[in-house]
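Visitor: Residues in the sequence shown are numbered consecutively from 1, following the UniProt record's numbering.
Among the clues, some could well be false.
Simulated pairs of lysine-lysine, DSSO-like, Cα-Cα distance not exceeding 27 Å [said to hold, decoys possible]:
(1) K235 with K199
(2) K199 with K16
(3) K207 with K19
(4) K22 with K199
(5) K233 with K173
(6) K16 with K99
(7) K16 with K61
(8) K199 with K237
(9) K16 with K64
(10) K66 with K217
(11) K162 with K64
(12) K74 with K16
(13) K16 with K161
(14) K22 with K74
Have a look at the derived ranges for each label pair, beta carbon to beta carbon [what the hints assert, rightly or not]:
(15) E193 with N106: 16 to 24 Å
(16) Q182 with Q213: 32 to 40 Å
(17) K207 with S160: 33 to 41 Å
(18) G30 with G52: 43 to 51 Å
(19) Q213 with E169: 40 to 48 Å
Hints in this document: simulated from the structure, not taken from any laboratory. These numbers were taken from a predicted model, which means no experiment stands behind them. Don't be surprised by glycine CBs; every beta carbon is placed ideally from N, CA and C.
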Amino acid sequence: MRIFVYASSMRGEYSKSLKIIKDLIVRLEGLCSVEGCYISTPEKDLIEPCSGCMSCLNTGKCVKDKLDHMETLKEEMMASDLIILASPVYLHNVNGPMKNFLDRLNPWCYTMPLLGKIALPVTVSNTNGNYQVDIYLSKILSIFGAGVLGTLSIKNNLMSKKEKDEAIELLCKYIKEYESGQREFFVSEYQLEYYEQMKRMLNNIEKESRLYQIWKKEGMLSASDFQILFSAKRKEKNENEKC
């Protein structure tokens, strides 16, 4: 299993969310066969702000991908099995670097390239605001096509070390079960509805359009619902790993 993490805290070695991530990875390495883990942070990887030029939607390419590290980060995400987005809670929302990172992935809400991958939002606060950020990150990962396992929601001043450890252990257990095939993943109602909405939209646009051709090439137009599409992608991934 390959893991990609974007941990958006600006606090470097003092980051509580980054410490949580490192604890999570260590535990996963003890349970699963982790072949690689890429942890991206604002300090490590430069991400320019979106300029709103619409090039990504019109051509499929961001004009800034060659100017910063975003192209590499996209490649790392696509090569990974587990996607983790970790943000400190700022004003009951993600912090600036996380929003900037997600803004640069805006076209993915139309193409759903994380289809078949599993994902985990991680939110860290002192006391509150996690719920709103959990919902936001879960929604974004869902429309990117990933299967959201749950959320790791840490409230540092309200949770004991034991409670934090237990929350991490439980999610590591879920990740192991899904990655080993012991547990089948069931997509959310929101994903089922979003997929149907996208298919209706695609039926009303030109068949020669770039978006329509992407869906056609990836076999995303023919599935009767998103659960079937997601399960097929998971099965394809597992079979490829056995080869």
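Visitor: Each hint should be assessed against the structure and marked as holding or not.
Guide: Hint by hint, here is what the structure shows:
1. Between K235 and K199 the alpha-carbon distance is near 22 Å, which keeps this suggested pair within the 27 Å criterion.
2. With a C-alpha separation of about 41 Å, the suggested pairing of K199 with K16 is violated against the 27 Å cut-off.
3. The straight-line distance between the Cα atoms of K207 and K19 is roughly 48 Å, outside the 27 Å bound, and the hint therefore fails.
4. At roughly 39 Å between alpha-carbon atoms, K22 and K199 are farther apart than 27 Å, so this suggested pair is violated.
5. Pair hint K233 plus K173 holds up; C-alpha atoms about 22 Å apart against a cutoff of 27 Å.
6. Pair hint K16 plus K99 holds up; C-alpha atoms about 19 Å apart against a cutoff of 27 Å.
7. For the hint pairing K16 with K61, the CA-to-CA distance comes to about 34 Å; that exceeds 27 Å, so the pair is violated.
8. At roughly 24 Å between alpha-carbon atoms, K199 and K237 fall within 27 Å of each other, so this suggested pair holds.
9. About 30 Å separates the Cα atoms of K16 and K64, which puts this hinted pair outside 27 Å; it is violated.
10. Using a Cα cut-off of 27 Å, the hinted pair K66 and K217 holds, with the two alpha carbons roughly 26 Å apart.
11. About 44 Å separates the Cα atoms of K162 and K64, which puts this hinted pair outside 27 Å; it is violated.
12. Restraint check: the Cα-Cα separation between K74 and K16 comes to about 25 Å, which is no more than 27 Å; the hinted pair holds.
13. The hinted pair formed by K16 and K161 meets the criterion: a straight-line CA distance of about 13 Å does not exceed 27 Å.
14. In summary, the hint linking K22 to K74 is supported, as the alpha carbons are separated by about 21 Å, within the 27 Å threshold.
15. E193 and N106 have their C-beta atoms about 20 Å apart, which keeps the hinted 16 to 24 Å range intact.
16. At about 37 Å, the CB distance of Q182 to Q213 agrees with the hint of 32 to 40 Å.
17. The hinted window of 33 to 41 Å between K207 and S160 is violated, with their beta carbons roughly 57 Å apart.
18. Checked against the hint of 43 to 51 Å, the pair G30 and G52 passes, with Cβ atoms roughly 44 Å apart.
19. Range check, Q213 to E169: Cβ separation about 44 Å, and the 40 to 48 Å hint holds.
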